[in-house]
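Keeping their order, the protein sequence lines are chains A and B. Taking this note's numbering, I'd label the letters of the first sequence as residues 150 to 340. Taking this note's numbering, I'd label the letters of the second sequence as residues 150 to 340.
Treat the hints loosely; a few may be bogus.
No distinction is drawn between identical chains; accordingly, a pair holds when it is met within one copy or between any pair of copies.
Said to hold, decoys possible - Straight line, CA to CA, 27 Å or less: simulated BS3-like cross-link-like pairs of lysine-lysine: (1) 230 / 170; (2) 260 / 290; (3) 290 / 170.
Hint data in this document are derived by calculation from the structure and do not stem from the laboratory.
Number of protein chains: 2
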Amino acid sequence: MELLKERIRKDGKVKGTDVLKVDSFLNHQMDVELFAEIGKEFKRRFADCDVNKILTIEASGIGIACITAQFFHCPVIFAKKNQTKNIAGEVYTSQVESFTHGRVYNIIVAKEFLGPGDKVLLIDDFLANGAALEGLAKLVKDAGAELVGAGIVIEKAFQPGGDRLRAEGLRVESLARVKGMSEENGVEFVD
Amino acid sequence: MELLKERIRKDGKVKGTDVLKVDSFLNHQMDVELFAEIGKEFKRRFADCDVNKILTIEASGIGIACITAQFFHCPVIFAKKNQTKNIAGEVYTSQVESFTHGRVYNIIVAKEFLGPGDKVLLIDDFLANGAALEGLAKLVKDAGAELVGAGIVIEKAFQPGGDRLRAEGLRVESLARVKGMSEENGVEFVD
Numbered sequence: 150m151e152l153l154k155e156r157i158r159k160d161g162k163v164k165g166t167d168v169l170k171v172d173s174f175l176n177h178q179m180d181v182e183l184f185a186e187i188g189k190e191f192k193r194r195f196a197d198c199d200v201n202k203i204l205t206i207e208a209s210g211i212g213i214a215c216i217t218a219q220f221f222h223c224p225v226i227f228a229k230k231n232q233t234k235n236i237a238g239e240v241y242t243s244q245v246e247s248f249t250h251g252r253v254y255n256i257i258v259a260k261e262f263l264g265p266g267d268k269v270l271l272i273d274d275f276l277a278n279g280a281a282l283e284g285l286a287k288l289v290k291d292a293g294a295e296l297v298g299a300g301i302v303i304e305k306a307f308q309p310g311g312d313r314l315r316a317e318g319l320r321v322e323s324l325a326r327v328k329g330m331s332e333e334n335g336v337e338f339v340d
Numbered sequence: 150m151e152l153l154k155e156r157i158r159k160d161g162k163v164k165g166t167d168v169l170k171v172d173s174f175l176n177h178q179m180d181v182e183l184f185a186e187i188g189k190e191f192k193r194r195f196a197d198c199d200v201n202k203i204l205t206i207e208a209s210g211i212g213i214a215c216i217t218a219q220f221f222h223c224p225v226i227f228a229k230k231n232q233t234k235n236i237a238g239e240v241y242t243s244q245v246e247s248f249t250h251g252r253v254y255n256i257i258v259a260k261e262f263l264g265p266g267d268k269v270l271l272i273d274d275f276l277a278n279g280a281a282l283e284g285l286a287k288l289v290k291d292a293g294a295e296l297v298g299a300g301i302v303i304e305k306a307f308q309p310g311g312d313r314l315r316a317e318g319l320r321v322e323s324l325a326r327v328k329g330m331s332e333e334n335g336v337e338f339v340d
């Protein structure tokens, strides 16, 4: 998606060779007009899938998922990172190892919102090691729902998550695939 | 907002006299078409305020804030609950006591995204004790930005937050104000 790549080149900040800061438009301050273009592109790529639920994970996936859902005319569910008093009853749960935060946490979705018959699209801002996406995929599987694929804004294609998940049969559509980056030369994209 | 009150009556679940579960449409599963009506109503109420930034707090405020921002044609910033490796540099910070989670946490916003000249609208799903809103208001004040008001989806008007914040001069617009509730009689609204 050229518009997105241009924005990453213009406003993304590279730290070392593996941190890409896009918090001015994607995951701290959020440019909702860019999100609308992103949502439109996910709809184009998954138009034939009869998606009826979008599943994401708190916090930075939520905004993108909600704007995207407007194009699919379906609700969004966000997996929560900690069980709170406000989610009583039964939940699906899986473990996710966060490399950004250096810890393992549980994610949960209330059982009443996912089940057989649902066709679920996963949405997230980043794909690197694939741990979050794998955790979300497990929730969908445990619910007996159909996983139609994953829409990712930025994939760090030099990290193993995307290749591993595709090899396992998941359809992963990433709008910008980063081949490599450096503070001197900025971001290089696949293709 | 009648549409919202009807939805709360229909799908909200009351536990005891102070827990209102609306996780089937507001803060776990999210009905983005309802969010669009909510966003339109916030725009109507704050149309004259030249809002150029919407500030919310992770996680459940983000979806509502993003859809609302489409009507204001402005970006959203979400305050983060924990400092991560991905937010380097200087941040505004304030403390929030969560009654839902029974703990105190810090919220932060990167300084580069808020400053003098900004006209900021706060958006959140719930207002009860007002702690989250107060924390957000402090971030805006510390940034030297102008706080035009707060748009709240559901206010628990029987808890002290709304009255206290209005007495302090904050313009608070709540789309549904709950006077009281019980498992037997459901939700009663102000007015």
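Okay, the hints, checked on the actual structure:
Proximity of residue 230 to residue 170 under the C-alpha cut-off of 27 Å is found in both arrangements, the shortest distances being 22 Å within a copy and 18 Å between copies. In this assembly of identical chains, the alpha carbons of residue 260 and residue 290 lie at most 27 Å apart only when taken from the same copy (12 Å versus 41 Å across copies). Taking the closest pair of Cα atoms, residue 290 and residue 170 come within 27 Å of each other only across two copies (26 Å); inside a single copy the shortest separation is 32 Å, beyond that limit.
This entry satisfies every hint, going by the numbered hints stated previously.
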